[in-house]
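S.K.: This is what each chain is made of:
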Amino acid sequence: MAIEKRRATAAEAVAGIGDGATVMLSGFAGAGFANQLVAALLDLGPRNLTLVVNSATHRLSNTHELIAAGMVRKVICSAARGHDKSALSAFEVLYKEGKIELEVLPQGTFVESIRAAGAGIPAYFTPTAFGTDLAAGKEVRNFDGRDYVLEKSIPGDAALIRADVADRWGNLTFHHAQMNFGPAMATASKLVVAEVRAFSDTPIPPEQVMLSGVFVDRIFVAGA
Amino acid sequence: MKPLNRLQMAWRVGQDIEDGMVVNLGLGMPVGVSDYVPQDFDVVVQSENGIIGVGPLASANAADSDLVDAGSRKVTLRAGATIIDSAASFAMIRGGHIDVTILGAFEVASNGDLANWDNRIPDKGPLVGGAMDLAASAQAVWVMMEHNTRKGGPRLLEACTLPLTAVRCVKRVYTDIAVLSVMPQGFLVHEILPGISRVELQRRTGAPLAFAPDCKDLITPDIALPEA
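As they're listed, the protein sequences go chains A and B. Just so we're aligned, residue 27 is where the first sequence starts under this note's numbering, counting upward by one. Just so we're aligned, residue 38 is where the second sequence starts under this note's numbering, counting upward by one.
Note that these hints are calculated values from the structure, not bench results. Do not take every clue at face value.
Ranges of calculated distance between the beta carbons of each label pair, as one might list FRET restraints [said to hold, decoys possible]: (1) A:Lys216 / B:Gln222: 33 to 43 Å; (2) B:Ala177 / A:Glu233: 31 to 41 Å; (3) A:Glu123 / B:Ala118: 21 to 31 Å; (4) B:Ala95 / A:Leu70: 35 to 45 Å; (5) A:Pro231 / B:Ala118: 20 to 30 Å; (6) B:Asn156 / A:Gly124: 17 to 27 Å; (7) A:Lys216 / B:Glu55: 19 to 29 Å; (8) A:Leu128 / B:Glu264: 32 to 42 Å; (9) B:Pro245 / A:Lys216: 25 to 35 Å; (10) B:Asp79 / A:Arg172: 29 to 39 Å.
For each residue, glycine too, the CB sits at the ideal point set by N, CA and C.
Put together the whole structure using the sequences plus the hints.
M.R.: So, in structure tokens, the structure goes:
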């Protein structure tokens with residue numbers, strides 16, 4: 027049967043993400059947020075989610091709406107500052123009250139742990155964070171005179187990523203810095219949904235594909 | 038002479054950037070350094086979000102919301118630029134492929150320890166970003182920061198009081214009144230703002246200073262800050 031990964035609506039594209047899922051969300055610095063898929067996830071309403079997202083509440087993403095709706099048990103991120111500079115965000119209120127768990131990782135460790143999960147690596151050593159509070163309680167080993175911290179990989183149940191163009195096989199291209207965490211998250215998650223600007227009726231030329239469709243399960247064409 | 042403003046500090050750091058260097062510039066003051074690198078230099082500015090070859094800020098009509106640097110600034114690309122994903126971008130950083138990273142800081146210790154990520158703002162969640170990766174693995178870490186806190190306390194210390202970003206990593210420090218390097222024995226002063234004596238500089242520093250034999254005046258052009 028011919029592969030057809032396109033789904034007609036964002037709701038169909040995120041269907042099946044259930045309570046307790048670990049959900050990865052791409053996006054960094056304003057580029058690459060799959061905000062229409064996140065809005066559909068908000069409507070779907072699973073509870074006790076663990077979000078794996080670089081910024082817990084980036085002002086150009088709508089991640090904070092999932093948190094404000096009480097759907098999130100834990101956030102794994104590299105930046106946990108508020109959505110709004112002046113006021114405490116829902117995230118910060120919940121964090122202060124001890125109602126949401128937070129794991130902050132250096133951004134390179136964050137993405138390497140995701141990459142490692144996608145490559146079948148359960149844990150790895152890195153010099154990043156050695157001697158800092160973020161390495162507290164983690165195993166340290168010395169290799170050739172330098173100290174390294176043991177970090178575990180981060181696998182996901184679902185990833186919601188944003189890309190530019192998709193074809194029916196799920197092959198993707200990305201526009202500029204929109205790519206960021208998308209490819210790593212796609213390799214690390216069981217269900218990978220890509221929100222794209224445009225659909226190509228013809229196959230994307232192989233040498234232009236930036237993420238192979240084998241890592242992508244569903245496509246939602248959201249427009250610009 | 039007045040202490041250097043942030044643009045004069047950026048100018049001074051820019052004088053030490055060499056043709057062909059691959060650099061990463063931290064948020065805040067450090068990103069301004071690229072404005073003071075000679076135009077004919079091929080300096081490659083990397084940004085953590087995957088851009089290799091960041092150019093000047095984009096004009097309003099050329100801005101593209103997908104073409105941003107790690108500080109969410111809408112930027113342009115230099116000729117020869119490439120864009121990679123975050124995993125590859127941090128492989129570049131963690132694999133030692135950055136010649137120099139220029140970072141802001143709260144504190145630097147005389148053994149090179151750096152504290153630049155958590156200044157313990159009450160009620161704010163932690164934000165580390167790529168600072169620990171850059172500080173641990175760039176070939177050289179240069180810090181630019183004001184010499185003293187707003188209350189007048191020292192930022193150059195025998196041991197950091199704020200949470201560390203990385204241990205024994207800082208090679209040079211550019212402040213608004215001095216240029217120093219971090220040597221095995223501690224801080225070594227290379228340049229001092231005219232009008233500040235060695236005694237005064239030592240008084241404003243929280244760790245012992247040594248002075249290079251060729252220690253000289255810290256001189257920059259007058260560069261006005263843009264009107265707020």
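S.K.: All hints, please: hold or fail.
M.R.: The hints, checked one at a time:
no., hint, verdict
1, A:Lys216 / B:Gln222: 33 to 43 Å, "violated, 55 Å"
2, B:Ala177 / A:Glu233: 31 to 41 Å, "holds, 37 Å"
3, A:Glu123 / B:Ala118: 21 to 31 Å, "violated, 45 Å"
4, B:Ala95 / A:Leu70: 35 to 45 Å, "holds, 37 Å"
5, A:Pro231 / B:Ala118: 20 to 30 Å, "holds, 22 Å"
6, B:Asn156 / A:Gly124: 17 to 27 Å, "holds, 23 Å"
7, A:Lys216 / B:Glu55: 19 to 29 Å, "violated, 47 Å"
8, A:Leu128 / B:Glu264: 32 to 42 Å, "holds, 40 Å"
9, B:Pro245 / A:Lys216: 25 to 35 Å, "violated, 57 Å"
10, B:Asp79 / A:Arg172: 29 to 39 Å, "holds, 32 Å"
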